[in-house]
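Working from the sequences, and respecting the hints, build out all of it.
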Amino acid sequence: EAEVAQSPRYKITEKSQAVAFWCDPISGHATLYWYRQILGQGPELLVQFQDESVVDDSQLPKDRFSAERLKGVDSTLKIQPAELGDSAMYLCASSLAAFKLAGVGETQYFGPGTRLLVL
Amino acid sequence: QKEVEQNSGPLSVPEGAIASLNCTYSDRVSQSFFWYRQYSGKSPELIMSIYSNGDKEDGRFTAQLNKASQYVSLLIRDSQPSDSATYLCAVNQMDSSYKLIFGSGTRLLVRP
Chain A
1 EAEVAQSPRY
11 KITEKSQAVA
21 FWCDPISGHA
31 TLYWYRQILG
41 QGPELLVQFQ
51 DESVVDDSQL
61 PKDRFSAERL
71 KGVDSTLKIQ
81 PAELGDSAMY
91 LCASSLAAFK
101 LAGVGETQYF
111 GPGTRLLVL
Chain B
1001 QKEVEQNSGP
1011 LSVPEGAIAS
1021 LNCTYSDRVS
1031 QSFFWYRQYS
1041 GKSPELIMSI
1051 YSNGDKEDGR
1061 FTAQLNKASQ
1071 YVSLLIRDSQ
1081 PSDSATYLCA
1091 VNQMDSSYKL
1101 IFGSGTRLLV
1111 RP
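Those protein sequence lines, which keep their order, are chains A and B. With our numbering, letter number 78 in the first sequence gets 78, and the count goes up by one each step, no holes. Our numbering runs 1000 ahead of the 1-based position in the second sequence.
Don't take each hint at face value.
Cross-link-like lysine to aspartate or glutamate pairs, in silico, EDC-like; alpha carbons within 20 Å at most [as the list claims (entries may be wrong)]:
1. A/LYS71 / A/ASP24
2. B/LYS1042 / A/GLU68
3. B/LYS1042 / A/GLU3
To be clear, the hints were calculated from the coordinates, so they are not data collected in a lab. Predicted model only: the values in this text are computed from it and were never measured.
Encoded structure:
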């Protein structure tokens, strides 16, 4: 069964350092999502790509976070510099498209996530 | 941003009982609703999606949707200890991104 791949699975860093996460979506999935999940909360969308284009990055802290999906396949999320409050699970998800038809969203499938701890 | 609300729990039920998980949402025009299960330290796993009013059954799971009341629920029949997890309700926001808005989740504990 096809899965979303993410690496690393765990990352410990010190504040002010740079960190990067990688995601490879399910083959053929045009839409890719990066979420952040703080303990005890639901995932919150950081950025959404349709192929190589950003569709929504309204919740991405652009002063320190950046994301790219240069060839419309795999994607990288970067944080520089990391802050203590960035400690969270970073989840990547993918879907065939953003929606099946007007009004009906496509199912999103999640990777295993990257757990980040900033010291 | 539109909201999705869930009772954080924990909801504790005995093994074999029916667990009922509830979710309300604020965006009246939302059309797509999803239930994900998340074990501690793991990523969300899709259980069910529902798009039309009424019930949708899949094995021991039944999703119920009432758009007029802006309410979606998940019933788990014959609950097993392995069902103990956090259940996340997610709703598509009706804009150009169709992004998912997640609730904070309800923690379910199934007692042996």
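Hint-by-hint comparison with the structure:
Annotation: proposed proximity of A/LYS71 to A/ASP24 holds, straight-line Cα distance about 12 Å (limit 20 Å). For the hint linking B/LYS1042 to A/GLU68, the alpha-carbon distance of about 25 Å lies beyond 20 Å, and the restraint is violated. Of the supplied pair hints, the one linking B/LYS1042 and A/GLU3 holds, its CA atoms being roughly 14 Å apart against a limit of 20 Å.
Hint compliance for this structure: hint 2 alone is broken.
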